[in-house]
Amino acid sequence: MSKTAKDHAGLAADFNKDPERVSWHDETLWWVRAKRDKAAQGIPEWEALRETASGIKAHTLSNLSAYLEAFEKAAIANGAIVHWAADAAEHNEIVLSLLRKAKADRMMKSKSMLTEECHLNDFLKARGVETIDTDLGERIVQLLDEPPSHIVLPAIHRKKEEIGVLFHKHLDTPEGSADPQLLTHAARLNLRDVFLTRNVALTGVNFAIAETGEFVVCTNEGNADMGAHLADIHIAAMGIEKLIPKREHLGFFLRLLTRSATGQPITTYSSHFKKPRAGQELHIILVDNGRSVQLGREDFRSSLKCIRCGACMNTCPVYRRSGGHSYHTAVAGPIGSILAPNLDMEKYADLPFASTLCGSCTNVCPVKIDIHEQLYKWRQVIVKNGYSGKLKTASMKGMAFVLSKPRVFNFSGKAGRWVLKHAPFIVNNALNPWYKQRDMPEPPAESFHQWYSKNRGKRS
Amino acid sequence: MSSSRDNILKAVAANQPELLPLPQLPQFAAYFDIPLLKFRDVLEGIGATVLSVSGYADIRNHLATHFDLTKPVYSTIAALPEFALRPGSYSRPQDLHNVELIILPAEFGVAENGAVWITDEALPERALPFIPEHLAVVIAEDAILANMHEAYLQIGQRDYGWAAFIAGPSKTADIEQSLVLGAHGPRSMTVFLLKMSGSNPDPS
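Those protein sequence lines, which keep their order, are chains B and W. The numbering of the first sequence is the numbering used here, which starts it at 1 and goes up by one. The numbering of the second sequence is the numbering used here, which starts it at 1001 and goes up by one.
Since the hints were made in silico from the structure, they are not lab data. Please note: incorrect hints may appear among the correct ones.
[Said to hold, decoys possible] In silico DSSO-like cross-links for lysine-lysine, where the CA-CA straight-line distance does not exceed 30 angstroms:
| # | chain 1 | residue 1 | chain 2 | residue 2 |
| --- | --- | --- | --- | --- |
| 1 | B | 275 | B | 101 |
| 2 | W | 1195 | B | 347 |
| 3 | B | 103 | B | 73 |
| 4 | B | 17 | B | 246 |
| 5 | B | 390 | B | 6 |
| 6 | B | 384 | W | 1010 |
| 7 | B | 368 | W | 1010 |
| 8 | B | 125 | B | 73 |
| 9 | B | 275 | W | 1010 |
| 10 | B | 73 | B | 347 |
| 11 | B | 246 | W | 1010 |
| 12 | W | 1071 | B | 377 |
| 13 | B | 73 | W | 1071 |
| 14 | B | 397 | B | 414 |
| 15 | B | 436 | B | 454 |
[Said to hold, decoys possible] Some chain B residues close to chain W (C-beta under 10 angstroms, calculated; not the full set):
| # | residue |
| --- | --- |
| 16 | 45 |
| 17 | 211 |
| 18 | 301 |
| 19 | 402 |
Just so you know, even glycine gets a beta-carbon here, dropped at the ideal spot from N, CA and C.
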């Protein structure tokens, strides 16, 4: 996805070249996290909601094949046309074939992280189809020729002045204007024309209901509805993990989703699509793209419970200071770092290491995914499979050797203390990234072991 | 039957764990005293205007003083026949793009989040709640439920083509997290809480 071969640390270093932007990004996301806390703490049954939602998802994943078949059957009975895509390539081909059949070379699309994962826009562009993203944040990053940096707040890494310059160029707003009200209004007028003239609308899916064959799409802007209700063809693209068994289960998930995401009590629009409207075609694409493999990984299976609220990103001390693009994958942050290695362990080997393992992500997750524990487990899988990079693998093997031999450990401690005291440049140099913005403490004169033997050991 | 379908189902069936039970769904009582007051507070907090009215005369008065009724204004409520959207007055939903105001009935509201429930059963076009500059909703005061669990209990197994919870005007905060009302849908939402005896407004 990234044009460079830089890893998370390298891309984070790029983001950190502008300290003011980093501070702003950090504080803004923390403010969103604080809004989430306020909303969650306002609901006495919050923990019971999380527990129940997590349990519903665990049950669904354990019976997913049956629920997929039930959903398909109900959706077909509702008049929808159901497609199955094994991977991103097949998903993209299905969308293209629907566009070709409709003789459409233009499409409007509301927010869908799945189509980001599949790189649909680039695929269609190369085949002569223009896609317009209608979510304001997504439209901004599309005009910037960048991927979204956050699954809920796609343009959170950009300042209003930059968007002012962008809109002056593309939407003819007054030069130098950076007023969010004015810029949003310009986008409204411009995209209104898109809504009225495009014939095919693609939307994502937040939840799909096995028993009724309907699906729910949540937006604040109303862009998914504007597209779907005006176009003759509505394509809904969803990962197979979006299923929940029953309509009544929505009560739990809709209470959790937006409070966790932005602190709102609910999105402005929670639209339930069951049947195509008269004269309209409704297509649902069920996409696997690695999800069935992840389902088989016992340690990482529960990552498929994710409802894409973004709370783990907003709270993550690494994400807030490294920016979404540093993760070089469609879904950034802690959850993205446990999803991406499943798709390509070598390419995303750096991501599980882009964490302090502080556990804040796990604490805010509305479906109780043990995110930080999975990050830790991925590190072990990645090292075992030889994808952790030569330097890291060698130092970890060295560490394992030292820790398994008490005499070597004692000697290493002595040597380390000597080096830090007498020759700190041996470790504090450009080759050791630990020393970036850090200094080591004064080395103690003796090890804990030596201190214990001297002071306590004899008394016992 | 595509082969991908069979392959995906086979892979999922092979990889899914032993069946785990569906959890018992807990029941939650309202954590506030008066649902109607909570509904009003939450809706106002998310940018809607909420008005208690005792009849359609009040609604007409408010509309006349707050909206430009010389522009296209439509309603699907039988008690507001002057705004009836006549079939044949438009051919495609796109033709409704210059509508100033739509006044719709809502079946019920949800106190905890300020959302109102609207279905296409009484809606000639699904685009109607989204395409106008302004949206107004009429809802019976005694049709406010406490939370989303009560809402789905009320919805039950009802059949509809499309339905939505709508909570406030269309909005975005995609530019530096600054809240702007009026993204792609209505720039304002007015909710009339109808005190009349009897209950919900009849659709025409």
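Verification of the hints:
With a C-alpha separation of about 21 angstroms, the suggested pairing of residue 275 (chain B) with residue 101 (chain B) holds against the 30 angstroms cut-off. Distance check on the hinted pair: residue 1195 (chain W) and residue 347 (chain B) sit about 62 angstroms apart at the alpha-carbon level, beyond 30 angstroms; violated. About 29 angstroms separates the Cα atoms of residue 103 (chain B) and residue 73 (chain B), which keeps this hinted pair within 30 angstroms; it holds. A C-alpha spacing of about 49 angstroms is found between residue 17 (chain B) and residue 246 (chain B), which places the hinted pair above 30 angstroms, so the restraint is violated.
Pair hint residue 390 (chain B) plus residue 6 (chain B) holds up; C-alpha atoms about 16 angstroms apart against a cutoff of 30 angstroms. A hinted pair counts as satisfied when its Cα atoms are at most 30 angstroms apart, and residue 384 (chain B) with residue 1010 (chain W) qualifies at roughly 29 angstroms. This hinted pair checks out: residue 368 (chain B) and residue 1010 (chain W) have alpha carbons roughly 28 angstroms apart, not beyond 30 angstroms. Proposed proximity of residue 125 (chain B) and residue 73 (chain B) is contradicted: the alpha carbons are some 33 angstroms apart, above 30 angstroms.
With a C-alpha separation of about 28 angstroms, the suggested pairing of residue 275 (chain B) with residue 1010 (chain W) holds against the 30 angstroms cut-off. Proximity of residue 73 (chain B) to residue 347 (chain B) is assessed by CA-CA distance (about 37 angstroms); at most 30 angstroms being required, the pair is judged violated. Straight-line distance between C-alpha atoms of residue 246 (chain B) and residue 1010 (chain W) comes to about 23 angstroms, which keeps the hinted pair within the 30 angstroms bound. Distance restraint check for residue 1071 (chain W) and residue 377 (chain B): the Cα-Cα separation of roughly 62 angstroms exceeds the 30 angstroms cut-off, and the hinted pair is therefore not satisfied.
For the given pair, residue 73 (chain B) sits about 45 angstroms from residue 1071 (chain W) by alpha-carbon distance, which is inconsistent with the 30 angstroms threshold. The suggested pairing of residue 397 (chain B) with residue 414 (chain B) holds, with an alpha-carbon distance near 20 angstroms, which does not exceed 30 angstroms. Proximity of residue 436 (chain B) to residue 454 (chain B) is assessed by CA-CA distance (about 36 angstroms); at most 30 angstroms being required, the pair is judged violated. Below 10 angstroms, beta-carbon pairs count as interface contacts, and residue 45 (chain B) has one with chain W at about 5 angstroms; its hint therefore holds.
Interface hint at residue 211 (chain B): satisfied, since its Cβ lies 9 angstroms from the closest Cβ of chain W, which is below the 10 angstroms cut-off. A distance limit of 10 angstroms between C-beta atoms decides the matter here; for residue 301 (chain B) the minimum to chain W is near 7 angstroms, and the interface restraint holds. With 10 angstroms as the threshold, the beta carbon of residue 402 (chain B) stays out of range of chain W, its nearest partner Cβ sitting at about 38 angstroms, so the hint is violated.
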